[in-house]
Every structure is written in C-alpha cells, then in structure tokens.
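Undergrad: What follows is each chain in one-letter form.
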Amino acid sequence: MSELSGEHFRKLTQQIYLRLGLHFEDKKAYFLQKRVEKRMAALNYTDPQEYVFHLCYADPDGREMQALANLITTNETYMFREYEQLEAFANCCLPEVLSAKQSRGEQSLRIWSAGCSSGEEAYTLAIILQEVFPQAQYWNCEIVASDVDENMLAQAARARYWARSVRDVPTSYLEKYLVREDDSYTVRPSTAALVRIEHLNLHDRMAMRAMRNFDFIFCRNVLIYFDDRSRKTVVDHFYNSLNRGGYIFLGHSESVGRISSAFQLRRVEGHLVYAKE
Amino acid sequence: MIQVSECIEKLSSADESERIYAAEDIGYANEASGVPALLARLPIEPSRAVAEAIVASLAQIDSDCVVSGVIEWLDSDDAFVRNQAVEILRKRGGPAITYLERAFRQGRADRRKFVIDVLARLPETSACGIYEAALLDSDLNVVIAAVESLGDFRQRSFQSKIESLVQSEAHPMLLCACLEALAQIGDPNSPAVVRARLGGASQLPGYLLASYMKLLGVAGEPTDVAEIADTIGRDGFEAPALNALTSLRNRYPGLKLPQRVTAPLIAIIRRGEPTFLGYQAVRLLAALMDDNSVFQFVESCLENAEKTIRMGAIQSMREAGGERGNAVIRRAMAAETDSEVLQAAGIRGGA
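Chain order of the listed sequences is A and B.
Using the numbering used here, you'd call the opening residue of the first sequence number 55 and step up by one each time.
Using the numbering used here, you'd call the opening residue of the second sequence number 2 and step up by one each time.
Because the hints were derived from the structure by calculation, they are not lab data.
No experiment lies behind these values; they were computed from the predicted model shown.
Don't take every hint at face value.
So these bits of chain B aren't anywhere near chain A, every CB distance computed over 10 Å [claimed, not checked]:
1) A54
2) D188
3) R198
4) Q204
5) D291
6) D292
7) R332
Covered by chain A, according to a simulated footprint, are these stretches of chain B (three or more residues, beta-carbon under 8 Å) [as the list claims (entries may be wrong)]:
8) 14-24
9) 39-53
10) 152-163
11) 229-238
12) 242-250
13) 279-285
Yeah, the Cβ is synthetic: ideal placement off N, Cα and C, and Gly gets one too.
Use the sequences and the hints to build the structure in full.
TA: Rendered as structure tokens:
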C-alpha cells in the first residue's frame, strides 16, 4: 500500500482539523496512515494524492469525512478519560469559579455533561467536585447528564460500571466513591445524587434554550460526529447556556475556537480552555 | 409560528441571549423579509456571539437578497465581516456565481481577490469565465489567488494557461503559486516545461525548490530520482525531498534509490527529530535494503526509542526484508511492549 508523504499528512491533518476539529500530531502518522489505507481500499484508490483530493475537494456532503471520522475516533467512554484536561478543571477552573461565587455570596454550581452516553463523565465530575470542594454538600450543586439515547441514559441511571470503565480512577477514589460488587463497581449514592439524568437532543433548539445557568459544560468527543452547521448551532447554544465566567470543555483534541469565536481562549496548566467572559 | 417582525425588534434588545435567539429564529423562519434587518445589524453588533448567530441565520435563509447583500460585505474594513461574507457565499454555491461574476467585473482589486477566495472552495465549472479573467488581471494578488484555486481543484483545462505564466521574469510569488498548482494538477509534461523555462533543481532559487520537488514527486519519472536525491543534502530541503521520493515510490513501487541517499536518510533518523521525517526516512530505506549494512541499520531501528521509527522499520522489513526480515521482526517483538507497535507487527494480543 502507498505511503502518505509529509505533504499528504499535512493536508489530511489540516482538513481533519478544519472539519472535525481534531488535532493530529506527527507521532500519529502511522495511526492515520492505517486508517487512510482502509478508506483508500474501500474507494479503490491506490495513490494517497487521489484520496487527499477526494477528502478536500470532492466531499461536499461530508460523507467521506464521516467515514474517516468513524475510523479515527473511539466510542469508548470511561471514568477519568482525558485525565490531564480534568486536572486543569479540578486545579484551576473549578476553584476559580467557586471562589468567584463565594465572593458574590452565591451557593450554587451547575455543570452539564452534554452527550453523556452511559454517564462515566458525569460521575467523574461528581467525584472531582466532592474531592475538590467538600462543602459541595451544603451548596446547591447539580451535574446534569444529558443524552439523546434512552438506553444509554438507563445505563447512566444505574451508575454501575465494569472494571474497564473504572481503570483510570485513582485507587483512593475507587474505594471512596465506588462500591465493588463482584466484577462491577457502583457509584456511591452520596456521589450519584449530585447527578441528574436528563433526556435531551442537542439538535432540539427549543429544549436547548431551556438549558441555562451552567458554570461548566463538558461535551467531549461528541461534536465530532456532527456536521459543520449542527456543530456551530450546538456551540452557540452552549454559549447561551453558560454563565459569564463559565467554561466549556470539548475533547482534548477538539477546538472550540474553530467552531465559534465567541469564547475567550485561556491557557491553564498547559491546557487551552475556553471561557465565556 | 415565528413572527419575523417581533424577532427584528428583538435584534436591538439589550439582552445578548435575546438577540441571539432573535437572529436564530429569523433564520429558521427562512423569510426574505428578515434579511435587511440582519444585514444592517451585523456591522454594529458588539457581541461576537450575536454576530455569529446573524451569520448562521443569513446562511440559512434561502433568498437571493442574502447573496446580493452579503457581497457588499466584501468591501468591509472589518476582517470578520469580510470572512463571514466569503463563508456565506461559499455555502450558497452555484446560485451565487452570477452575482460573483458581476462583483468581479465591477469591483476594486480587493473585491476581485475576495471573489476568487469565495470560488476557492466551489468546484463550479460555471466559474470558468471568472478564472479566465482573473488570470489576466492587472493585480498580482488576484492572479495568484486564481492560480492557487485552480491548482486546488486540479483544473486540467487551465494547465497550459498556468504553464504559460511560468516565465523567468515573473514575480517569485506567482512562480511559487504556479509550481504548486502544477504539482496539484500532476501532468507528466509539467516538469519538462518548468525545466525549460527556469532550469532544474541545481539552477532553481531556494524559494522555488520545495514546490519543484513536489512537482517531481507527483508528476516526475523514475529518472528524476537522481535530481531529487541531490537535493536532500541542501539545507532546509530534507522534508520536500523525502516527500518527493515517497510520492515517486508510491507511483513506481519497485523504484530503487541511489546509494548516495543512504547516509542522509540514516542521519535524519539518528538525529531523532522531527518524528514524521524520521518515519519517512526509515520507510525510504526499504528501497536500499539490498545492501546488508542498510538492512542491519533498519533492524536496529526496531529498537529505536521513538515508536514511530519502530513502526516504520516494521513496514520496511515487511516490504523489503523477505523471510529474514520477518524473522527479525518476530525476534524484536518479543521485547516490545507498545500495543500500537505490536499491532503494526500483526501481533494483536499486545493490544
């Protein structure tokens, strides 16, 4: 099979970034090469140049980009996924927002896990919140976990996970916030109570307008499956849903700035985060 | 039912969210009557979020008055407004061409350039007239933008016109654009045209060399490999030369490389940075593995600290190492722990 040249790699990664918001570093060249080979074989191309052209200029409806996206993204979700990004949230963004609220005499905090799938992210945020801010129990704190898939929401509501889903949970947290039963782990009720499960279609603009007053929105590795227009519409809604001073987190390789210029970019512990000012 | 008149009023609301919703609702109503209010609001709108909602709304309204209104934004001093105009017109596609033709004919150089920017992502054959005019434009930026766009779309029908612009006295930026466009189009006659007008790699100025390498990679012949190989050693041209060799080998899979590229390829891998260049270098060594010392070097790459190099070495061993290469891979993988490298070697259990 033909090799991607540096030029092909640059064009492909540029196009993937432009259309999906996913950033690929040089060290991912082999990974991308293998996925592109699969797509080239499916389309009967032998020269990467042909495939690059197809993707850049002959894919107006985005079908090929979506087919490639399905190969280069992972549907797997687990607790404490993208740990470093969560560290930036826990160490900097969350304390900053809490401190601002305390100085204003407010005692409420709202976090939205949008496209929560089976709930791992929402419970991760609940654990972090209790760990960073033990006073959370005296505040009106709420983590809204929303998804369009009722089956996923039912799983989220059970708050019960297999070992694979909790493999990145620090050991001390595992004991403190989850209960082991045979091969599964269940989030303790005191932590699970912070999470409210809600059915929501991110494309339902009227329902989205009702989602207000959030301090943080997490929508990680969800928008990559949307087309450009839907992605923009959803992020515009997120802007309205956030309080001033609030933060939005997409997946670590996704970029808010590519979708909307309404948010302010900040660097926190080496991570780029986006805030509504 | 959305009342557009109410929404228009709300576009002036003090509440940012209300303005965003108003703009969005006008877009969903898809009524031309909302367009003038959106067009008038954008230049004075202080909130970027609302401005973006207005643009999204205009893009959604299916009316010619959006196109005619937005074309006027191409003359705006505000880069955000200009860029949004380009985006909306691109999304509009073919139906905007008539308006763009008129705008091109009547506009100043800046506007003509922006019209070409709009066309840059529209594979519209009906835009040929604009391109014909653009290639003869008095403004260099317009000509360059047109050449770049035609290259991106690999417009073979314009190949000879672009080749005719390749003249030794032409502006360096135009020459760069032409070589890049010809590389995109990839016609096998183009390298000879460039050589005849400007000379080969040894005579070309540095600013054209990278584009010329690209052209040789996608349109050159096996005999061009020597010219590319001689460029690897020139300061700053490793990457273009390796890209060209990779492309040429994609087109001529059994192509052998001259022995003199061995040392520079090995030096790139030993230097360690950047990763992709090292990967390409180790892959190109597959074309030299008849030489036992090269084989042994590629074998040593299976233990390189950088996993991309290890994966490249596996691929090269597979391609050119034969049975001996397979045995070497099996041996090296016994100590390998990285799941991606193990997968590259076909050992799924490591994942």
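Undergrad: Does each hint fit the structure? Answer for all of them.
TA: Tested hints:
1. Its closest Cβ contact with chain A, about 6 Å, brings A54/B to no more than 10 Å, contrary to its assignment away from the interface.
2. A cut-off of 10 Å between C-beta atoms confirms that D188/B is not in contact with chain A; the least separation is 13 Å.
3. At the 10 Å boundary, the C-beta of R198/B stays outside the reach of chain A, the nearest C-beta of that chain being 23 Å off.
4. Under the 10 Å C-beta cut-off, the non-interface status given to Q204/B relative to chain A holds; the minimum distance is some 23 Å.
5. In this structure D291/B is separated from chain A by more than 10 Å, as the shortest Cβ-Cβ distance comes to about 19 Å.
6. Every CB of chain A is more than 10 Å from the CB of D292/B (nearest about 20 Å), matching its label as outside the interface.
7. In this structure R332/B is separated from chain A by more than 10 Å, as the shortest Cβ-Cβ distance comes to about 21 Å.
8. Restraint check on the segment 14-24 of chain B versus chain A: 3 residues with Cβ-Cβ distances below 8 Å, three needed, restraint holds.
9. Evaluation of the coverage hint for the segment 39-53 of chain B: fulfilled, as 4 residues show C-beta separations to chain A shorter than 8 Å, against a requirement of three.
10. Given as covered by chain A, the segment 152-163 of chain B passes the check, having 3 residues with a CB less than 8 Å from a CB of that chain where 3 are the minimum.
11. Counting residues of the segment 229-238 of chain B whose C-beta sits closer than 8 Å to any C-beta of chain A gives 0, which falls short of three, so the coverage hint is violated.
12. Under a criterion of three residues with beta carbons nearer than 8 Å to beta carbons of chain A, the stated coverage of the segment 242-250 of chain B is upheld, 6 such residues being counted.
13. Under the rule that three or more residues need a Cβ within less than 8 Å of chain A, the assignment of the segment 279-285 of chain B holds, with 3 such residues.
Hint compliance for this structure: hints 1 and 11 are broken, all remaining hints hold.
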